[in-house]
Amino acid sequence: MLQMSVNSGSGAPPSGAVARTLAQLPEGEAGVLDRLDLPEDIARRLMELGFLPGHIIVPARSAPGGEPRVYRVDGSEVALRRETASRLILKPAKDVL
Amino acid sequence: MSDCHDCAGCVVAEAPASLRNGARSHVVAIIGPPNSGKSTLFNRLTGLRQKVANFPGVTVEQRVGKAKMQHHHADVTLVDLPGVYSLNPRSEDEQVTRDVLAGAMPGVPKPDALLLILDCTNLGRHLVLAAPILSLKLPTLVILNMADDLKSRGGHVDTAELATELGSPVALISASKGQGIEKVFQFMQGTSAGTTSLTPPRVELPVLQDIPRCRQWAHDVGSGAAYRAPAPPVWTRRLDSVFLHPVAGPLIFLMVVAGVFQTIFTGAKPLMDGLQNLILQLGHGIQHVLPPSIFRSLLVDGILSGVGAVIVFLPQILLLFLFIGILEDSGYLARAALIADRTMAKFGLQGKSFIPLISAYACAVPAIMATRTIENKRDRLATILIAPFMTCSARLPVYTLIIAAFISDRPLLGHFFGMQAGALLGLYVLGFVAAILTARLLKSSILKSERVPFVLEMPPYRWPTLRSLSLRLIDRSKVFLRRAGTVILLVIVVLWVLENLPVKNGQPPQIADSFAGMIGHAVEPVIKPLGFNWKIGIGLISSIAAREVIVGTLGTIYGKEGTEDSLGLRKALQSDLTPGGAIALLVFFAFAMQCMSTIAVVRRETGGWKWPAIQFAYMTLLAYVCALITNQVVRSGIFS
Chain A
0 MLQMSVNSGS
10 GAPPSGAVAR
20 TLAQLPEGEA
30 GVLDRLDLPE
40 DIARRLMELG
50 FLPGHIIVPA
60 RSAPGGEPRV
70 YRVDGSEVAL
80 RRETASRLIL
90 KPAKDVL
Chain B
0 MSDCHDCAGC
10 VVAEAPASLR
20 NGARSHVVAI
30 IGPPNSGKST
40 LFNRLTGLRQ
50 KVANFPGVTV
60 EQRVGKAKMQ
70 HHHADVTLVD
80 LPGVYSLNPR
90 SEDEQVTRDV
100 LAGAMPGVPK
110 PDALLLILDC
120 TNLGRHLVLA
130 APILSLKLPT
140 LVILNMADDL
150 KSRGGHVDTA
160 ELATELGSPV
170 ALISASKGQG
180 IEKVFQFMQG
190 TSAGTTSLTP
200 PRVELPVLQD
210 IPRCRQWAHD
220 VGSGAAYRAP
230 APPVWTRRLD
240 SVFLHPVAGP
250 LIFLMVVAGV
260 FQTIFTGAKP
270 LMDGLQNLIL
280 QLGHGIQHVL
290 PPSIFRSLLV
300 DGILSGVGAV
310 IVFLPQILLL
320 FLFIGILEDS
330 GYLARAALIA
340 DRTMAKFGLQ
350 GKSFIPLISA
360 YACAVPAIMA
370 TRTIENKRDR
380 LATILIAPFM
390 TCSARLPVYT
400 LIIAAFISDR
410 PLLGHFFGMQ
420 AGALLGLYVL
430 GFVAAILTAR
440 LLKSSILKSE
450 RVPFVLEMPP
460 YRWPTLRSLS
470 LRLIDRSKVF
480 LRRAGTVILL
490 VIVVLWVLEN
500 LPVKNGQPPQ
510 IADSFAGMIG
520 HAVEPVIKPL
530 GFNWKIGIGL
540 ISSIAAREVI
550 VGTLGTIYGK
560 EGTEDSLGLR
570 KALQSDLTPG
580 GAIALLVFFA
590 FAMQCMSTIA
600 VVRRETGGWK
610 WPAIQFAYMT
620 LLAYVCALIT
630 NQVVRSGIFS
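Protein chains in written order, with numbering that gives the first Met the number 0: chain A, 0 to 96; chain B, 0 to 639.
Read the hints as simulated data drawn from the structure, not as lab findings. Warning: the hint list may mix true and false statements.
What the hints assert, rightly or not - Derived DEER-like restraints, expressed as beta-carbon distance ranges: (1) Gly153(B) <-> Lys90(A): 29 to 39 Å; (2) Gly417(B) <-> Glu39(A): 51 to 61 Å; (3) Ser151(B) <-> Lys90(A): 51 to 61 Å; (4) Asp219(B) <-> Ala92(A): 27 to 37 Å; (5) Gly102(B) <-> Glu39(A): 21 to 31 Å; (6) Arg227(B) <-> Ala92(A): 26 to 36 Å; (7) Glu160(B) <-> Ala92(A): 36 to 46 Å; (8) Ile613(B) <-> Ala92(A): 28 to 38 Å.
To be verified - Just so you have them, the derived chain A footprint on chain B, three or more residues with Cβ under 8 Å: (9) 78-89; (10) 119-132; (11) 455-464; (12) 570-578.
We treat Cβ as the ideally placed atom computed from N, Cα and C, and that holds for glycine.
Using the sequences provided together with the hints, build the complete structure.
So this is what it looks like as structure tokens:
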């Protein structure tokens, strides 16, 4: 937990596996956040809102047109645009179980 | 909240400043994350004894008030700090909060005690802020707000246990219902009398820079206090399934917007007319009572008409803020912002800019005040800078007068939509296009966002309370009347002086010989290429007070009745202005920032003269160039 897994800039996932992002998670399905692929200050801002590695995130309703979408995370609901959600990398499904 | 003055090991709080220095009152700061009910608590504690300003040099709003203490001796000043999640100084809000808490904010005394307000329906996340606050070692009351929600949704927390863990007293309250508020007063009573002691927390505070660890710490503290999170808000989920429904959602949104628009426009009209009438009657009354003199003229034509020009907008502003208050307090504003976001993003703005921009069709002043709901400073600034392009109601009298005088009402699309209506619609479109192009320009140049992501918290739906709505209305009208009012009044009085001096043989001069006339003649060479003569020049200068003032001024200059439906004034303009000049005048008014109160409010909201100066220069230049092109094109006869 000490490592915050904050990557700045480089978008490539560390392992060879194709990581799923929060933007790809269907509505109502739970995902576990692995890391935030965003510059550190933005990542910290999102972490303060509950988007912390290890936390469960559930996509809820979206605005017409599919974005921004509301996410249920850490006891509250926060809306993000797709460009932001696609930088939040989820843990592979098998790791969750 | 023990009275252990003498007990060993207790660090007795610093002796209250009021004992050392009679002039300084006990200062208590309220701090909490956004949506924790901070402002509601502040309003509860202060009532109307508050004032709103900006922290020096920044756009962050500063609210200071006197607490309504039951005990007469206590003099407690409350400072409402901006909503923050942490004290890491990344945003202006966080920097301000840090500076105030450290006593480094000029003009704001270092707080003697703190009220930390947290939403107890989401204690796990909100407790994170307790770590940096408690490490300040100031007497702190931890307030768990929304106690009613916690209870009704089956949550629980052991406040006594939490108080022991944190080493600070804990109060479970409902700020909106007023439950438990007495505990907050008791705490302030204790700190101001110097009887509150600091106890070290039982739990160790985490390393503040490490957010995951802070969050883990908050979780552990919560578990230690037997915290059970409440069930999800059922009604909020149900309402969201309607308000964010793919089809019903946008329809409801459009209905809400249309309702707001309709009300601030037509609903306020009778009230505005009534006020205008009242002021007119008052003027007539004074004219009957007082003998004709320079003083009477100053009183009626100067001061009274100046005051009138201001308060005539008050009904619109009150209605608008009533709407915004209901939308914001109920939680719908966040949903509206969500729905509008995609469209606004195309112009480089965001969802929360939508309502302020719509409001600007009534008046830019409340619109600019309404941008406070936009947390992102750059988006807020962009919205403030483009709002005056929206066709506000003060432009309408000018548009009506010029269009009626210069555009023949030939049918354009059948009998219902003629050339005149088309011209008016065209001017609305012109303002809107200028606004969105300016927004794009700003966001790709000086306001280029450092990729701050759009983040919007969705608060649960709540009933707006009458108390909070009325406090907001009183606060906003005070701001409007003070800021806009004093400026407009000043400008109107100055204009009156310019139009009535120098006195010749004890009589006010003809307008052409007055100081105003001289200024008009002086600016004529500059505005001649636009097709304007010196009379229009005087009108333009007078319209800086408020746009519609030009109609009255032109009436005075041409010696005709100064209203927009005055036939005499139309005829006079027709014979004195070329069609090119007339259309150029419309274009000029569509773009120019001819409004002192807007300038004053932008200065207030942006905390300095820099932005209003840039905005005024940009809009005036744009207006000049476009009016110049219009006049030259019309004159060259391309369209005839």
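To test your reading of the hints: which numbers does this structure violate? Hints 3, 8, 12 not satisfied by this model.
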